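Peer 1: Given next are the chains, with one letter for each unit.
Protein chains: 2
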Amino acid sequence: MLCPMKTKIRLFVDHPLAEAQSVPLGWDQAHYLFSVMRKSEGDYVALFNGKNGEWIAKIDVAEKKQGVVRCLEMTKPQQYPPDIWLMFAPIKKARTDFIVEKATELGAARIMPLQTDFTNSERIKRDRLQNHAIEAAEQCGGTFVPEVTDMNQLEKLLSDWPEGRFLLFCDESKVGERVGIQDLPTGKWAILLGPEGGFSEKERKYMQAMQNSFSISLGPRILRTDTAAVAALTLWQNALGDWA
Amino acid sequence: MLCPMKTKIRLFVDHPLAEAQSVPLGWDQAHYLFSVMRKSEGDYVALFNGKNGEWIAKIDVAEKKQGVVRCLEMTKPQQYPPDIWLMFAPIKKARTDFIVEKATELGAARIMPLQTDFTNSERIKRDRLQNHAIEAAEQCGGTFVPEVTDMNQLEKLLSDWPEGRFLLFCDESKVGERVGIQDLPTGKWAILLGPEGGFSEKERKYMQAMQNSFSISLGPRILRTDTAAVAALTLWQNALGDWA
Chain A
19 MLCPMKTKIR
29 LFVDHPLAEA
39 QSVPLGWDQA
49 HYLFSVMRKS
59 EGDYVALFNG
69 KNGEWIAKID
79 VAEKKQGVVR
89 CLEMTKPQQY
99 PPDIWLMFAP
109 IKKARTDFIV
119 EKATELGAAR
129 IMPLQTDFTN
139 SERIKRDRLQ
149 NHAIEAAEQC
159 GGTFVPEVTD
169 MNQLEKLLSD
179 WPEGRFLLFC
189 DESKVGERVG
199 IQDLPTGKWA
209 ILLGPEGGFS
219 EKERKYMQAM
229 QNSFSISLGP
239 RILRTDTAAV
249 AALTLWQNAL
259 GDWA
Chain B
19 MLCPMKTKIR
29 LFVDHPLAEA
39 QSVPLGWDQA
49 HYLFSVMRKS
59 EGDYVALFNG
69 KNGEWIAKID
79 VAEKKQGVVR
89 CLEMTKPQQY
99 PPDIWLMFAP
109 IKKARTDFIV
119 EKATELGAAR
129 IMPLQTDFTN
139 SERIKRDRLQ
149 NHAIEAAEQC
159 GGTFVPEVTD
169 MNQLEKLLSD
179 WPEGRFLLFC
189 DESKVGERVG
199 IQDLPTGKWA
209 ILLGPEGGFS
219 EKERKYMQAM
229 QNSFSISLGP
239 RILRTDTAAV
249 AALTLWQNAL
259 GDWA
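Protein chains in written order, with the numbering used here: chain A, 19 to 262; chain B, 19 to 262.
Where hints are given, some of them may not hold.
Since the list can't tell identical chains apart, any single copy or any two copies may satisfy a pair.
[Unchecked claim] With a straight-line cut-off of 25 Å between C-alpha atoms, the simulated DSS-like cross-links for lysine-lysine are: (1) Lys111 to Lys26; (2) Lys174 to Lys143; (3) Lys110 to Lys26; (4) Lys223 to Lys206; (5) Lys94 to Lys76; (6) Lys82 to Lys26; (7) Lys174 to Lys220.
Derived by calculation from the structure, the hints in this document are not laboratory data.
The structure displayed is predicted, hence computed values, not measured ones.
Kindly generate the complete structure, drawing on both the sequences and the hints.
Peer 2: Have a look at this one:
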């Protein structure tokens with residue numbers, strides 16, 4: 019009924035969304051919307067907050083450093099991805115950014131950077147990576163933004179592993195039972211990508227003692243971590259996730 | 019027998035490789051090997067040329083602007099990827115580079131940039147992209163480098179489509195018969211990624227008239243072209259290629 023025009027601008031806002039709800043915009047988004055994209059009062063924009071679906075909203079106030087938009091109607095119901103975590107040891111900045119962007123597009127529920135014995139990068143900028151996930155969600159038309167967690171210690175994470183969550187290894191180490199992706203059980207999962215230097219002997223022993231862990235082949239060529247992340251999420255979504 | 023040390027440097031050379039074969043190195047590779055990587059006479063390096071497998075070679079001459087290495091023995095037989103082409107409309111430079119890198123890692127046989135009615139980028143630097151494929155092959159341990167072709171006109175390409183090669187569409191257009199990846203026939207294939215602006219009506223009609231064309235779902239979220247390239251190649255390799 020409303021808004022026959024198709025807006026292509028989608029903004030993530032940290033604010034409840036509901037019919038007739040007014041939503042204030044901060045400096046960044048006002049700048050982007052009014053100065054960069056040249057939108058003004060009366061124009062439309064799509065909003066989502068990761069919880070209340072996507073809404074078409076009308077710009078009520080368009081000022082240089084702030085704005086107010088008002089929700090008109092829901093254009094997409096809230097959709098959550100399957101319960102799949104992506105855990106990886108951060109690599110070079112651009113490739114880590116890339117993993118976060120791709121994991122968001124491909125529908126990971128949670129993105130977890132890992133500190134392992136052979137991880138080179140010991141720090142991450144969580145906020146920066148979270149913003150990457152938000153931008154990717156804005157771009158890909160999703161209504162959900164995966165949480166990017168702080169750096170986790172691999173050993174600590176594994177020693178406190180949640181019961182009932184399966185673990186999928188993707189590295190050369192062949193930790194876990196080697197299977198075809200189509201033979202894996204459905205349920206809650208986490209994909210774990212080894213660091214470029216591989217796992218340490220200690221980590222490997224730890225993992226071998228774990229139950230519910232599986233490994234799959236990602237082919238005869240050596241994949242970079244970022245390629246492996248996309249490939250593993252793709253296979254998982256196609257076999258066990260929401261691509262079916 | 020020879021060379022117990024594991025060399026990690028792999029160089030692509032445009033030269034025949036065989037036992038005791040001497041291979042001259044040009045300026046770039048001599049600079050990389052001797053100045054950047056600090057290798058010198060007597061050290062080892064791995065060579066491949068895309069045809070004769072991988073060879074361990076000994077550095078006989080290490081000069082500032084040139085070098086000579088000599089093949090000792092084959093360390094990997096030549097391996098060709100399955101007969102799968104990746105065709106895509108180029109996007110932003112970094113993302114086009116990325117597609118070439120990932121397609122090489124994932125085992126595409128041929129990489130074909132496409133000019134479509136709605137392609138933004140009308141020119142590519144073929145040599146630059148080919149070098150990206152070479153670097154990716156050096157990195158991923160493969161013995162094959164996919165050819166990056168010059169820009170192809172989509173219509174021309176389709177009007178002269180090779181008999182017996184299947185076509186897999188990955189876009190929202192639902193051109194082709196919609197199937198699960200596991201139901202596709204084995205054989206020669208080409209993956210075609212639509213441009214970000216979609217296909218034109220004319221192109222769509224053309225494609226609908228084609229035989230042997232299929233389309234698969236890449237899930238409920240909109241994927242960027244680069245993500246779709248990796249996802250489609252992954253699914254194809256896993257179902258019909260050499261990942262089984």
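Peer 1: All hints, please: hold or fail.
Peer 2: Hints versus structure:
1. Lys111 to Lys26: For Lys111 and Lys26, the Cα distance is within 25 Å only across copies (23 Å; inside one copy 29 Å).
2. Lys174 to Lys143: within (20 Å within a copy, 48 Å between copies)
3. Lys110 to Lys26: between (32 Å within a copy, 19 Å between copies)
4. Lys223 to Lys206: within (23 Å within a copy, 43 Å between copies)
5. Lys94 to Lys76: The answer is within: 16 Å in one copy meets 25 Å, while 62 Å across copies does not.
6. Lys82 to Lys26: within (21 Å within a copy, 55 Å between copies)
7. Lys174 to Lys220: within (13 Å within a copy, 57 Å between copies)
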